[in-house]
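Peer 1: All chains, full assembly: derive it from the sequences and hints.
According to mature numbering (1 follows the signal peptide of the UniProt record, and there is no 0), the sequence shown holds residues -24 to -1, 1 to 306 in order.
It should be emphasised that the hints constitute simulated quantities derived from the structure, not laboratory data. Glycine included, every Cβ here is placed at the ideal spot set by N, Cα and C. Check each hint, because a few of them may be wrong.
In silico DMTMM-like pairs for lysine to aspartate or glutamate, Cα to Cα no more than 20 Å straight-line [said to hold, decoys possible]:
1) Lys120 with Glu177
2) Lys79 with Asp30
3) Lys135 with Glu23
4) Lys160 with Glu195
5) Lys212 with Asp199
6) Lys212 with Glu178
7) Lys73 with Asp46
8) Lys120 with Asp96
Label pairs and their calculated CB-CB ranges [said to hold, decoys possible]:
9) Arg300 with Asn111: 40 to 46 Å
10) Arg300 with Lys118: 36 to 42 Å
11) Arg300 with Tyr193: 31 to 37 Å
12) Ser40 with Glu195: 33 to 39 Å
13) Arg292 with Val191: 41 to 47 Å
14) Arg292 with Arg108: 45 to 51 Å
15) Gly71 with Val191: 25 to 31 Å
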Amino acid sequence: MITQFNFPLLLGLVFFTSLTILRTQWKDVTEGKWLEYQDNVQIYTFEEFSDHHDFNTTFFIESSNAEYLDPRQSCCVEAAVRAQHPYSVAVYMTGIKSDTIQKKNEWINEFSNLKLIHLDADKFFTNGNLERIYNEVKSKSKRKIEHEADLARIALLKKFGGFYVDLDTVLMKPTTQLSSFLLKNFANGIMKYRKGHQIIEEIYRRLNETKSSPVTYTEIGKDLIRRVVEDICHFKRKKNNFAEAAKICNITFLNEETFLPVFWGQWRSIFGKPIKLDSFKVATMNAAYAIHFSSSLTSDIPIIGGKGQIFDQIARKYCPTVHRMLPKFY
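Peer 2: Below, the structure written as structure tokens:
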């Protein structure tokens, strides 16, 4: 019997040969010794977890008020938990409900380094903590969910530092050895900063001074990051002087392929028959830390389990617990 999941299958671009190469570089952790079963899912308040979030923490934000993690999100979280062990992986959720997540996400009980945090947005964005722009976004933004998540990741990076990842990113290798970094396309969906880093401090300052709701999707995301890097790191697009900017701001600029080996616009086209990769693309996939897909563009594309589809194979490898439970829980 074939089970059909609603996974966004961005990885169709990876052929079975590239999967084999990936496997040789990343230890099979299906039998991970760190797994520690807990009877009940523990949900922390922001205040309870604040002492545990630091530079080595990987964190996600779910700002749609969902009560639990959907299958694709679950796969991304499990992959991060396995890749980043023993360091904490935190999922900040605005709508989390203990009874619902216990029923829908029972797999969470198996991972001791995974922490779920209820983020009360109204309470979090108060007392000068981006309160003005948050209220503007809440009342006027046409992309409220995305813009609230934009604000929350900056506020959390300012307060704690850490490694922020979007919930449609499958980590394949640990990133804890990486210093503060940005991608060269200034994407705000994958970034890492130490607490007090000048780029985050300046982004936060500008957001705090903003008086109106953002108009465009990326206005307070990658567009704002790019402007800050241009202003304080003296980056010039025409010169493409990333090396100079990196020294000025003490940050590493990584090529997009490091986390985005499958580029925007390719996500839907790769969900058909497996594509044989040229040697460059295989090497790129082999070197990548993660694979990112656009959930907004691919959520309607089903994955057929047991038919050898590429994402099904990667889910089996990098989120085996979720993959195994999908037929039962979803």
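Peer 1: Quick check: does the Cβ-Cβ distance between arginine 300 and lysine 118 fall within 36 to 42 Å?
Peer 2: Because 39 Å falls inside the window, the suggested range holds.
Peer 1: Hinted pair, alpha-carbon criterion (20 Å max): lysine 79, aspartate 30. Please report holds or violated.
Peer 2: violated, 30 Å
Peer 1: Regarding arginine 300 and tyrosine 193, is the given constraint of 31 to 37 Å on their beta-carbon distance met?
Peer 2: 36 Å Cβ-Cβ, so the 31 to 37 Å window holds.
Peer 1: Would you mind confirming whether the straight-line C-alpha gap from lysine 135 to glutamate 23 stays at or under 20 Å?
Peer 2: holds, 12 Å
Peer 1: Sort out whether glutamate 177 lies within 20 Å of lysine 120, counting only the CA atoms.
Peer 2: violated, 23 Å
Peer 1: Sort out whether aspartate 96 lies within 20 Å of lysine 120, counting only the CA atoms.
Peer 2: holds, 15 Å
Peer 1: Cβ-Cβ distance between glycine 71 and valine 191: within 25 to 31 Å?
Peer 2: Hint holds: Cβ distance 26 Å, inside 25 to 31 Å.
Peer 1: Does lysine 212 pair with glutamate 178 here, judged by a C-alpha cut-off of 20 Å?
Peer 2: Within the cut-off at roughly 18 Å; holds.
Peer 1: Going straight from one Cα to the other, do lysine 160 and glutamate 195 come out at no more than 20 Å?
Peer 2: holds, 17 Å
Peer 1: Holds or violated: the 33 to 39 Å window for the beta-carbon distance between serine 40 and glutamate 195?
Peer 2: violated, 20 Å
Peer 1: For lysine 212 and aspartate 199, compute the direct alpha-carbon distance and say whether it is at most 20 Å.
Peer 2: Given pair lysine 212, aspartate 199 holds - Cα atoms ~14 Å apart, limit 20 Å.
Peer 1: For the range 41 to 47 Å, tell me whether the beta carbons of arginine 292 and valine 191 fit it or not.
Peer 2: holds, 42 Å
Hints 1, 2, 12 from the list above are not met by this structure, while the remaining hints are.
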